[in-house]
Amino acid sequence: MQIVKSILFGGILTVILVFGEAKTVLAIDLNPLSMIKGAVEAIAEDRSSGDIAKDLAIKTEITAKVIEKMGTDVISLSADVYEQNVMLTGAVKTKDQRKQAEKLTREVENVKKIYNEILVIKPIDKEKGAVENFVDDTVIESKTNALLLDAKGVNVTNFRWRSVGGKVFLFGRALSQAEKEKATKVVRTIKNVVSVKNLAKVRPK
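In this note's numbering, the protein residues as written are 10 to 214.
Hints were generated in silico from the structure; no laboratory data involved. On a predicted model such as this, the values are computed, not experimentally measured, just so you know. Be aware that one or more of the hints could be misleading.
Unchecked claim - The calculated DSSO-like cross-link candidates involving lysine-lysine, where the alpha carbons are at most 30 Å apart (straight line), are:
no., residue 1, residue 2
1, K68, K191
2, K74, K63
3, K68, K131
Claimed, not checked - Beta-carbon label-pair distances, calculated as ranges:
no., residue 1, residue 2, range
4, K194, A66, 27 to 35 Å
5, V203, A62, 31 to 39 Å
6, G59, K161, 29 to 37 Å
7, K112, A155, 29 to 37 Å
8, M79, Y124, 16 to 24 Å
9, R197, Q93, 26 to 34 Å
10, T193, L128, 16 to 24 Å
11, T193, A66, 28 to 36 Å
12, K206, V148, 13 to 21 Å
Beta carbons: idealized from backbone N, C-alpha and C, even for Gly.
From just these sequences and the hints, can you work out the full model?
Right, dumping it as structure tokens:
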């Protein structure tokens with residue numbers, strides 16, 4: 010587990026340095042934790058290798074569809090997939106864009122269920138708003154990673170998380186109701202977190 014932790018934090022530092030110099034950004038699925046976590050999660054988590062392969066294929070296709078059809082129209086958009094269930098998060102300017110993202114996701118083969126948690130908000134500033142929001146949420150996501158890694162009784166590799174303007178969404182699988190509740194409680198202690206919604210399903214091994 011210590012090796013995983015080192016890899017994840019190294020990835021956070023690299024991405025923050027790169028985006029810190031940016032003026033504008035196409036913020037589609039730019040969570041550094043999830044990208045690096047994806048490379049190591051198969052070592053310890055409870056999904057089967059078949060589910061991992063299907064989930065990766067679904068995530069890749071959703072990302073491609075959103076970039077092709079919606080492009081820079083969105084403020085930010087992320088898709089997390091666990092056992093073919095999809096959680097959409099991020100921010101868009103209109104309700105129609107929110108619906109469009111869900112529609113594109115439904116077109117992807119093997120998707121079982123969609124949790125559409127995309128927020129409709131007004132962009133703060135065309136030049137710097139998306140970047141500033143992204144960095145703030147990245148800090149929350151990095152702290153979420155650190156605290157869940159250290160929390161006893163929480164299998165962090167089975168969880169996914171996103172922060173959008175301080176609203177945190179947890180996704181994936183908990184092995185018990187107690188584990189799910191503990192993960193929620195841990196995230197609520199993080200500075201600048203305004204709410205926590207835990208969509209993780211409970212299923213023992």
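Each hint, compared with the structure:
no., hint, in the structure
1, K68 to K191, "holds, 27 Å"
2, K74 to K63, "holds, 17 Å"
3, K68 to K131, "holds, 26 Å"
4, K194 to A66: 27 to 35 Å, "holds, 34 Å"
5, V203 to A62: 31 to 39 Å, "holds, 36 Å"
6, G59 to K161: 29 to 37 Å, "holds, 30 Å"
7, K112 to A155: 29 to 37 Å, "holds, 36 Å"
8, M79 to Y124: 16 to 24 Å, "holds, 19 Å"
9, R197 to Q93: 26 to 34 Å, "holds, 29 Å"
10, T193 to L128: 16 to 24 Å, "holds, 19 Å"
11, T193 to A66: 28 to 36 Å, "holds, 30 Å"
12, K206 to V148: 13 to 21 Å, "holds, 19 Å"
In summary, the structure agrees with every hint in the numbered list given earlier.
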